[in-house]
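Trainee: Listed below are the residues making up each chain.
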Amino acid sequence: MDTKRTGKRNTAPTEHSGAPRAVDHGTTAAFFLASFLLWEVIVRIFHVPRYIIAPPSAVMTQMAARFTDIYKHTLATSLETFVGFGIAVLVGVPLAMATAFSRFLRQTFYPLAVTLEMVPKIAFAPIFVIWLGFGFGSKMVVVLLVCFFPILINGVFGFTSLPTELQYLSRSTGAGAIRAFVKIRLPYALPQLFVGFKGAAVNATIGATIAEWIGGNAGLGYFISMSTGLFRMDIAIAAIIVLTALGLLLYGIVLWVETKMIPWHVSQRARINATGSA
Amino acid sequence: MAAPIPFDTERYSQIGGIFAKLGARVKASRTFLLATVVFVVGWELVVYLFEIPSYLLPSPSNIAVEFYQNFTIIWRSTLVTAYETFAGFFFALALGIPFSLGVAFYRPLRNTIYPATVALQLVPKIALAPLMITWFGFGLTSKILIVFLLCFFPILLNGILGFSSLGTELTYFLTSTGARSKTGFLKVRMPAALPQLFVGIKWAAINATVGATTGEWVGGDAGLGYLIKFTSGDLRINFAFAAIVTLSLLGLFLFYLVVLVERQLIPWHVSQRSTSGMV
Amino acid sequence: MCDSITLYGVKKVYDSRNGPVHAIGPADLSIRKGEFVSFLGPSGCGKSTLVLMVAGLLPPTEGEIRIDGVVVNEPRTDVGIVFQTPVLVDWRSVLGNVLLQVELRGLDPAQYRAHAVELLESVGLGEFLKQRPYELSGGMQQRTAFCRALLHDPPIVLMDEPLGALDAMTRTRLRDDLEKLWLGSPKSVLFVTHDISEAVQLSDRVVVITPRPGRVEREITVDLPHPRDFDVRQSPEFLGYVKDISDIFMQYGVI
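Residue numbers (the numbering used here), protein chains in the order written: chain A, 1 to 278; chain B, 279 to 557; chain C, 558 to 812.
The following block holds chain A by itself, in its conformation from the complex (with noise of 0.2 Å):
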């Protein structure tokens, strides 16, 4: 029910309700030249100790002097994270079709797994970390596991939530139940299945981070925190950016595909919208 509030809330005009979409580009682009200015000359006028804080040149500069280091790290954390990821999709949808329509495991293992969404599953790392050690597996179970419920969930709600009069014309025309899955219930749940894709790219690159902090050797996240530990701050923001890069590359990729497979649902009309409107 709040699905289709909210669907329609987006297509509503809002003109004049000041959405936040309104936003004056030029005042946005300077406002952050000035930022990035006034970071700089801070940090160099009242000579912050670069334990403290790091000016966005060092952190340029870092960037480029520890290329082969981040590099190195990138890869370990890309290999945990997209992994991960992976297996959370092949595992996820399939579970999720199950739990639809099986009534059992709708009454048993769904609200289960409600509830432990709302647990922080990140509290299991360090026990994976004693099982698995402190190489790729702990790292890629943990990423596995954040992502796994935001797909699982919203994939049930997809799958569930086909309104009856499609069920009855589906029905009517004699379709038998794969061509009736394949032709309606699968493209309709589409847009619900991606919701909980996304949710879980982002939490994807969160998950492996948190895992590294907790054992490893490898990774952006055991690079940050080794850096800072160090005091190196340049280094640390360095990490941070590449990391938040690797976030949004993820992310970038489901977007894509969900432009490609979903094109006619309304969120991407919308964003084909707002782009042109840019």
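Hint data in this document are derived by calculation from the structure and do not stem from the laboratory.
Please note: incorrect hints may appear among the correct ones.
[To be verified] Stretch-level coverage of chain B by chain C, calculated; a stretch enters the list once three of its residues show a Cβ under 8 Å from a Cβ in chain C:
hint, segment
1, 443-455
2, 464-471
[To be verified] Part of the chain C face toward chain B, derived, beta carbon under 10 Å:
hint, residue
3, R623
4, V627
5, N630
6, D635
7, G637
8, Q641
9, R649
10, Q658
11, V659
12, L661
13, D665
14, Y691
15, G695
16, L715
[Claimed, not checked] Estimated spans, in silico, between C-beta atoms of each pair:
hint, chain 1, residue 1, chain 2, residue 2, range
17, C, A671, B, L464, 53 to 59 Å
18, C, G681, A, S161, 33 to 39 Å
19, C, V628, A, R44, 55 to 61 Å
20, B, G511, A, A177, 35 to 41 Å
21, C, T634, A, P263, 42 to 48 Å
22, A, L37, B, S332, 57 to 63 Å
Because the structure is a prediction, the values reported are computed rather than measured.
Idealized CB from N, CA, C, for every residue including glycine.
Put chains B and C on the given structure of chain A with help from the hints.
Mentor: Just chains B and C now, with coordinates in the frame of chain A:
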């Protein structure tokens, strides 16, 4: 678990809807309670039948015993983590709501703060945890700030969305009455924004314990997160599980506290109606 | 009777990504005090835009609108507005929604309570005062919206396809309700619709608007006695008006 990327308010609201829908279902179906019992008993049986060593997977009874034996230390750790969680969460509320109001209704803030928060929203805030520890030390302050960072953005972004998306026709009606801005805000704009604001507050409630736990891992010597890491490092998995269960209960407590307040404040909203309809 | 609302060459052009869109006008028109005027035209002919401009909620691109001789250049507060959807707020009861009109004006709701109850009773909602909008049918919600638009006794009432979202039977009943409300306290009414017989039943004058860009094609004065009950609606005169207007739209290929 963590704050999503900007413009993805769709995800917030839909998950919010799911929470509501499921809240209803969970409440409505006694099967949930049954499922929990079956789950716990099944877990116990699996561990017992396959003789799984407790350092791999402790049984619920083992965890319960461990909880009982170490109650004092778990309780002390819970107080620390609860303090960090609640303090950070309430600071985020105290700042996030006024800021979202400012961005929604004050143009200079909309042109500056809003794009800045959208840009910051791209950064996984948890990655700033080591910086916070370096700047503010191993004590409570750094953890409260990390919790604040994780809670602030969902509240801010959903607040902005809520306060700035009054329907066109309702806005026309409001304008045609010539209402003073304060009256219009109190009687129309604020109540209309509350459901979306609560979507953000619920996300913040989920993020809060994650922030506290992670903060304690990155640098700390107290709290449930620290206890989990410390005990699992000692291979006392039973103990670690007892702490994880306690942490989960703390998270659920905060979440349902928010749900309770929501039910009192917006009993008229669709999400709440479906709940009361099911019971 | 003097003119209450006058439009001088009013025109509205919207900016869009594909260039400017000419929505309506230029339109010249005057509406007398207490007159019920319908704007009748197909979807997208800019008739809703016209109403919003009269309310001062949208500025005209060209021309000007005067109400009692005063140029409209900011939102008017002496109007009552009804939209196609009821636009009620879920957090208030039916009575509370009606009283919202005066509360937003900073007036004491207690003084208007009796009048609000009277209005709601006159449209058959006397037993539903304490209900929430979502507990009512669409027709009952829209009746609540009528009462909200009339509570502060505005000299001008603007209605933007108020019956457009309702089912046929409810529409017929609400037409009668509307006519009754208007006969009870005649106000200047601007009524937007795309239903020909609805326009003929309710109006003193029907302003026929052509498809985009909307232009005033003809003004037809409906000279029939009120209330225009079932018998009047079956009369040859009534059906004659309906046919004349239908012919205009057929020429334009709208129907």
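Trainee: Give a verdict on every hint.
Mentor: Consistency of the hints with the structure:
Counting residues of the segment 443-455 of chain B whose beta carbon lies closer than 8 Å to any beta carbon of chain C gives 9, which meets the minimum of three for the stated coverage. Restraint check on the segment 464-471 of chain B versus chain C: 4 residues with Cβ-Cβ distances below 8 Å, three needed, restraint holds. A least Cβ separation of about 18 Å between R623 (chain C) and chain B goes past the 10 Å threshold, and the interface hint is therefore violated. For V627 (chain C), the shortest C-beta to C-beta distance to chain B is roughly 15 Å, which exceeds 10 Å, and the interface hint is violated.
Hint status for N630 (chain C): violated, given a least beta-carbon distance of 14 Å to chain B, over 10 Å. Given hint, D635 (chain C) at the interface with chain B, holds; its Cβ is 9 Å from that chain's nearest Cβ, closer than 10 Å. For the restraint placing G637 (chain C) at the interface with chain B, the shortest Cβ-Cβ distance is roughly 8 Å, inside the 10 Å limit, so the hint holds. Contact between Q641 (chain C) and chain B, as hinted, is supported at the beta carbon level, the nearest pair being about 8 Å apart and thus within 10 Å.
Taken as an interface hint, R649 (chain C) checks out: its beta carbon lies about 8 Å from the nearest beta carbon of chain B, inside 10 Å. Interface hint at Q658 (chain C): satisfied, since its Cβ lies 6 Å from the closest Cβ of chain B, which is below the 10 Å cut-off. Against a cut-off of 10 Å between C-beta atoms, the interface hint on V659 (chain C) holds, since the closest Cβ of chain B lies about 8 Å away. Taking 10 Å as the C-beta contact cut-off toward chain B, the hint placing L661 (chain C) at the interface holds, the least distance being around 4 Å.
Of the supplied interface hints, the one on D665 (chain C) is violated, with its beta-carbon coming no nearer than about 13 Å to a beta-carbon of chain B, more than 10 Å. Given hint, Y691 (chain C) at the interface with chain B, holds; its Cβ is 7 Å from that chain's nearest Cβ, closer than 10 Å. The interface hint given for G695 (chain C) is broken, as the beta carbon of that residue sits about 15 Å from the closest beta carbon of chain B, more than 10 Å. At a threshold of 10 Å, the smallest CB-CB gap from L715 (chain C) to chain B is about 8 Å, leaving the interface hint in force.
At roughly 25 Å, the beta-carbon separation of A671 (chain C) and L464 (chain B) lies outside the given 53 to 59 Å, and the hint is violated. Between G681 (chain C) and S161 (chain A) the Cβ separation comes to about 36 Å, which falls inside the hinted range of 33 to 39 Å. A beta carbon spacing of about 58 Å between V628 (chain C) and R44 (chain A) agrees with the range 55 to 61 Å that was offered as a hint. Hint check: G511 (chain B) to A177 (chain A), Cβ distance near 51 Å, so the stated range 35 to 41 Å is violated.
T634 (chain C) and P263 (chain A) have their C-beta atoms about 45 Å apart, which keeps the hinted 42 to 48 Å range intact. Taken as a hint, the range 57 to 63 Å holds for the pair L37 (chain A) and S332 (chain B), whose Cβ atoms sit roughly 58 Å apart.
Hint compliance for this structure: hints 3, 4, 5, 13, 15, 17, 20 are broken, all remaining hints hold.
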